[in-house]
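A.B. asks: For the sequence shown, my numbering begins at 831 and goes up steadily by one.
Note that these hints are calculated values from the structure, not bench results. A hint or two may mislead.
Subject to a maximum C-alpha distance of 30 Å in a straight line, what follows is the list of computed DSSO-like cross-link-like pairs (lysine-lysine) [stated by the list, open to error]: (1) Lys856 - Lys872; (2) Lys881 - Lys856; (3) Lys875 - Lys856.
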Amino acid sequence: MIENNDELVLEDVNEEELNNICDECKQEHQSVTQNLILTGYKICKSCRVSKTIFPL
831 MIENNDELVL
841 EDVNEEELNN
851 ICDECKQEHQ
861 SVTQNLILTG
871 YKICKSCRVS
881 KTIFPL
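Using the sequences and the hints given, assemble the complete structure.
C.D. replies: Have a look at this one:
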């Protein structure tokens with residue numbers, strides 16, 4: 831028998847991880863948290879584009 835569990839289990843989130851500061855350029859930007867969720871890297875939108883175009 832399968833039980834329906836409607837409650838979501840949320841893990842503790844480290845506040846320092848969600849500070850919107852890019853690891854590459856050290857500037858604060860809203861896209862840092864979005865990229866952290868999507869890719870796992872704490873980089874801003876402009877650094878992500880730079881890494882895509884120039885992957886060195």
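A.B. asks: Hint by hint, where does the structure go against what was stated? Just the numbers, ascending.
C.D. replies: none
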